[in-house]
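**Q** Sequence:
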Amino acid sequence: MLEGKLVNLKVLEREDLRLVAEWSNNPEFSGEYEPLEQISFREMEKWYDNLHSEENWFTIEKKDGNKIGQIFHSPRGQHVVIGYKLVPGERNKGYGTEAVEIMVDYLFLSKDIVRIQADTNPRNIASQRVLEKAGFKREGLVRRSVFIKGKWEDGFLYSILREDWKEPKILTK
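Numbered per my numbering, the sequence shown spans residues 158 to 330.
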């Protein structure tokens, strides 16, 4: 478990799959900026069984143990892509920012990588603020990068480089 001040990141466990499947099928959880995943519990189990043994998918939990979202990282050579989502009622409270800061610290402290990147919809101002508060810089526009509700949408690409990170914000060595 990775511990922060507001939230903890816990490695996804089999017991979390029903909740994650429920989130994935909930249009409010995906919001207007992400495609609805529509995944069955059985498909979720199959996906879980095929996950790499490396711990790369986490639930975001408040200090009271209430699970409020998910965050993941996916290695791509010398860089890592991250993604995150929170349940609607827990957004705009600092939980997403801290979860991303914890993940950035974890990745730079434990992996030999030079950059971490994430993308977000240009209309998703809240997600842009999360990334910027966590030290990410917007690199540019990725045209027609995601298909949402029957149309192609652009995305903003954000990254943080190891030399920009300097030291942990939340985790210690």
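Quick caveat, the hints were computed from the structure, so don't treat them as lab data.
You may find that some hints are simply not true.
Claimed, not checked - Only pairs whose alpha carbons sit at most 35 Å apart, straight line, appear in this in silico DSBU-like list of lysine-lysine:
1) K219 / K162
2) K326 / K162
3) K167 / K224
4) K250 / K308
5) K203 / K162
6) K167 / K268
7) K308 / K290
8) K220 / K308
**Q** Now look at each hint and say whether the structure bears it out.
**A** Now the hints, each set against the structure:
Simply put, K219 and K162 have alpha-carbon atoms about 9 Å apart, close enough for the 35 Å limit, and the pair holds. Between the alpha carbons of K326 and K162 the distance comes to roughly 11 Å, so the proposed pair stays at or under 35 Å and holds. At most 35 Å may separate the alpha-carbon atoms for a hinted pair to count; K167 and K224 meet this at roughly 9 Å. Proposed proximity of K250 and K308 is supported: the alpha carbons are some 31 Å apart, at most 35 Å.
Annotation: proposed proximity of K203 to K162 holds, straight-line Cα distance about 34 Å (limit 35 Å). Of the supplied pair hints, the one linking K167 and K268 holds, its CA atoms being roughly 18 Å apart against a limit of 35 Å. This hinted pair checks out: K308 and K290 have alpha carbons roughly 30 Å apart, not beyond 35 Å. Between the alpha carbons of K220 and K308 the distance comes to roughly 39 Å, so the proposed pair goes past 35 Å and is violated.
Violated hints amount to a single one, hint 8; each of the other numbered hints is respected by the structure.
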